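Participant: Sequence:
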Amino acid sequence: MNFYTRKWVKPEDLNAHGTLFGGSLLSWIDEEAAIYSIIQLGTNGCVTKYMSEINFINSAKQGDIVELGIKAVSFGRTSLTLTCEVRNKITQKTILTIDKIVFVSVDENGVPVPHGRTEILYTDERLRED
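Whatever position you read off the sequence shown (first residue = 1), add 1404 for this note's numbering.
No lab work stands behind these hints: they were computed from the structure. The model shown is predicted, which means the values in this text are computed figures rather than measured ones. Just so you know, even glycine gets a beta-carbon here, dropped at the ideal spot from N, CA and C. Errors might be hidden in some of the hints.
In silico lysine-lysine, DSSO-like type, Cα no more than 30 Å apart, as pairs [stated by the list, open to error]:
| id | residue 1 | residue 2 |
| --- | --- | --- |
| 1 | Lys1411 | Lys1504 |
| 2 | Lys1414 | Lys1465 |
| 3 | Lys1504 | Lys1414 |
| 4 | Lys1411 | Lys1475 |
| 5 | Lys1414 | Lys1493 |
| 6 | Lys1414 | Lys1497 |
| 7 | Lys1497 | Lys1475 |
| 8 | Lys1465 | Lys1411 |
| 9 | Lys1475 | Lys1453 |
| 10 | Lys1465 | Lys1493 |
| 11 | Lys1453 | Lys1497 |
| 12 | Lys1493 | Lys1411 |
| 13 | Lys1414 | Lys1475 |
| 14 | Lys1453 | Lys1504 |
Computed Cβ-Cβ distance ranges for the label pairs, DEER-style [as the list claims (entries may be wrong)]:
| id | residue 1 | residue 2 | range |
| --- | --- | --- | --- |
| 15 | Val1515 | Gln1466 | 41 to 47 Å |
| 16 | Asp1511 | Gly1427 | 39 to 45 Å |
| 17 | Val1477 | Leu1418 | 29 to 35 Å |
| 18 | Asn1513 | Tyr1408 | 27 to 33 Å |
Generate coordinates for the entire structure from the input sequences, incorporating the hints supplied.
Facilitator: Structure below.
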C-alpha cells in the first residue's frame, strides 16, 4: 500500500474529546480515494458507491501527522474497489482501516458506464500512454 497523502491534525479537526474527529478523517479518505480513482480510471466522472465497515483502531491528537494509504484491489466493468489504511506517520500506529471502498465510473447523467481499465496504471505508465 502506498501512502501519498499526509495531513496535519489541527484544532479545527478535533472532536469534543480533543482527538481527531472521525468525520474529518472520513472526508479526507473520501477525497483521497476519489483522486486515486479518477487517476486510475482516467475520468473525473467517478462517484463513491460504497464504504464497508470502518474500523477505528487508535486515535490521533492535535499536532499528529497522519498518512492515508489507498490501494486498488479489483477492477469491475464500471467500478474500482479500493482498500484503505490510515496511520500515524511518526509512530506508524494504525489509526483506521477500511477493507472496501467502491467507486463507480458514471456519465454526465450519473449512469454507470464501463471504464475499460483492468489493472493498476502507475504514473510512468500513464505518461507513456500520452
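Participant: Given the hint of 29 to 35 Å, check if Val1477 and Leu1418 actually sit that far apart at their C-beta atoms.
Facilitator: Cβ of Val1477 to Cβ of Leu1418: about 32 Å, so the range 29 to 35 Å holds.
Participant: Please verify whether Lys1504 and Lys1414 have alpha carbons no more than 30 Å apart.
Facilitator: The hint holds at about 28 Å.
Participant: Going straight from one Cα to the other, do Lys1475 and Lys1453 come out at no more than 30 Å?
Facilitator: Judged against 30 Å, a Cα distance of about 16 Å means the pair holds.
Participant: Between the alpha carbons of Lys1411 and Lys1504, is the straight-line distance 30 Å or under?
Facilitator: Holds: Lys1411 and Lys1504 sit about 22 Å apart, inside 30 Å.
Participant: Between Asp1511 and Gly1427, does the C-beta distance stay in 39 to 45 Å?
Facilitator: Cβ of Asp1511 to Cβ of Gly1427: about 30 Å, so the range 39 to 45 Å is violated.
Participant: Are the Cα positions of Lys1414 and Lys1497 separated by 30 Å at most?
Facilitator: Holds. Lys1414 to Lys1497 sits at ~19 Å (cutoff 30 Å).
Participant: Need the status of pair Lys1465, Lys1493: alpha-carbon distance at most 30 Å?
Facilitator: holds, 12 Å
Participant: Going straight from one Cα to the other, do Lys1414 and Lys1493 come out at no more than 30 Å?
Facilitator: holds, 15 Å
Participant: Next pair to validate is Lys1465 with Lys1411; report whether the Cα-Cα distance is within 30 Å.
Facilitator: Satisfied, since the Cα-Cα distance of roughly 12 Å is no more than 30 Å.
Participant: Are the Cα atoms of Lys1453 and Lys1504 separated by 30 Å or less?
Facilitator: At roughly 11 Å apart (the allowed maximum being 30 Å), Lys1504 and Lys1453 satisfy the hint.
Participant: CA of Lys1414 to CA of Lys1465, is that 30 Å or under?
Facilitator: With Cα atoms ~8 Å apart, Lys1414 and Lys1465 stay inside 30 Å; holds.
Participant: Cβ-Cβ distance between Asn1513 and Tyr1408: within 27 to 33 Å?
Facilitator: The hint (27 to 33 Å, Cβ to Cβ) holds, given that Asn1513 and Tyr1408 are roughly 32 Å apart.
The structure fails hint 16 only (numbered hints given earlier).
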